[in-house]
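Listed below are the residues making up each chain.
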Amino acid sequence: MSGRFALDCLECGARFDVPSSQRGGVVNCPECSALQDVKGRPEWLFRLLVSAGFVGVLLVSFILYKLLGPAAGGISLCLGLCVLGAVAIAS
Amino acid sequence: MTEVGFEHRQYLIRRKVLTILGAKFHIYDSDGNVVLFSKQKAFKLKEDIRVYTDDTMAEERLMIRARSIIDFSAAYDVVDSVSQRKIGALRRQGMKSFVRDSWQILDADDNLIAPLEEDSTAMALVRRFLANLIPQKFHVDVGGKPAVRYAQRFNPFIFKMDVSLDSASDGVIDPLLALAAGILLVAIEGRQDG
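Residue numbers (our numbering), protein chains in the order written: chain W, 79 to 169; chain A, 311 to 504.
Each hint should be verified, as a subset may be incorrect.
[Claimed, not checked] Just so you have them, the derived chain A footprint on chain W, three or more residues with Cβ under 8 Å: (1) 102 to 115; (2) 118 to 131; (3) 135 to 149.
For the record, the hints were derived by calculation from the structure and aren't laboratory data.
Beta carbons: idealized from backbone N, C-alpha and C, even for Gly.
Here chain A stands alone, though its shape is the one from the complex (with noise of 0.2 Å):
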């Protein structure tokens, strides 16, 4: 299950927003090396984000795919543009996210692998109606264990998320299909607070 290139624990999602032209992402590996960039195009109304090996764009590594224009429970199809094989896909409960975000990792069939969702129902309100300048946490428990985490830094410019991928995970999410989970959060998830 483990990718090659993708074995590490720790990864970090860095977006830099270009006011026009969308918003770039750079991931990196605990080490400080970028293993993958994508660049969102502003005026997209089907989601398509294209996930390559570098800032060069030369290699794709990961397309995330939205299945509807418009869907209140909107479900994005990943797939590994290497081997051409879906990797799972990510749904997110749009009735649940008005109070707590909520989303879903499938399978390629889209059974339920596991739950996404923001830390807590207290906190998620306290970000919505009081401050949204709280960073965000999300987590991903298999079996009642944590297995992926996502922790937003607290940065008011440029918006960072750190990923954990804990012993939980292993052989049962993706790490491809984990850090996908986490650009969606922050190019969809992300946009919300501006």
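Extracted from the complex, chain W is given alone in its bound form (with noise of 0.2 Å):
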């Protein structure tokens, strides 16, 4: 967390250190004052999160096509995409 690096202006061009904290924020420029906006880091728990919400899906569509029939697994798994898509969009 702790730590600092260099960020460039995108309306200056100037070179100038950020703390690490600030990741996915946003700060100005000390020489312009531009509003930059802060790369973030990877959200890795997010996409862990996703990932185990896809498996899930594809888990409980296949066990309710085996348990009733092929129309309750399509529309589990078209639901279950469905919802993984709206947490896709929204982030």
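Relying on the hints, combine the two individually framed chains into one complex.
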């Protein structure tokens, strides 16, 4: 979490240090004051949860397919993928 | 430090919950005038709250944006949309907030200005385990003196929170940052109440 990294201002090109804690946030360039987006870290936990959700949808759909037939499995798969798609869009 | 139009000592934040579309926030000054308005989107994973001067949403005044989607100690940058200047940040202290809601008010470089905490651990525990109908209270102390106080009003239907800025906040905490903290308390902590 500690430490700093260099960021180049998109407006004036000045290079300045930003605390690592500000990744994903915004900062003002110390030279020209332009507001800059700071690139965030990869959201590993979020990706892991979405992947787990995808596996869960496949698993539940397969179980419903075996127990109740192809219609139940198909509906479950479609609903699950819609929910995961909505989560991906919202992110 | 005092922003034009934000010289008042007392403000009221009122949250109107719209079940599907999210929530609306009106912030009134002590004369009862709307000074800020915000509409929180319901399906936004990475919180990005835009605050406007009124409900026509013609002029953006503040931007409150989370730095990540999932973060145990989530930090939110607060930007004055008029000057495009970052006025500070607010960081939720995840572990401490299990027992007692705790935040940190940070300056633009992430240096601590002051902690923002729920009134007492005992009351926080009572609210969590016995009755979350008991209104929440938060305080910000600067130099051992109360600088900002947030007090939820008892109303099971409409969430209302009084924000009081004391003289100890003058020149230390930007009133817009104090109000942004209030909006976050209502939006984030209020969401936990349902």
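Mind listing which of the numbered hints don't hold for this structure, in increasing order? Checked against the structure, the only hint that fails is number 3, while the rest are satisfied.
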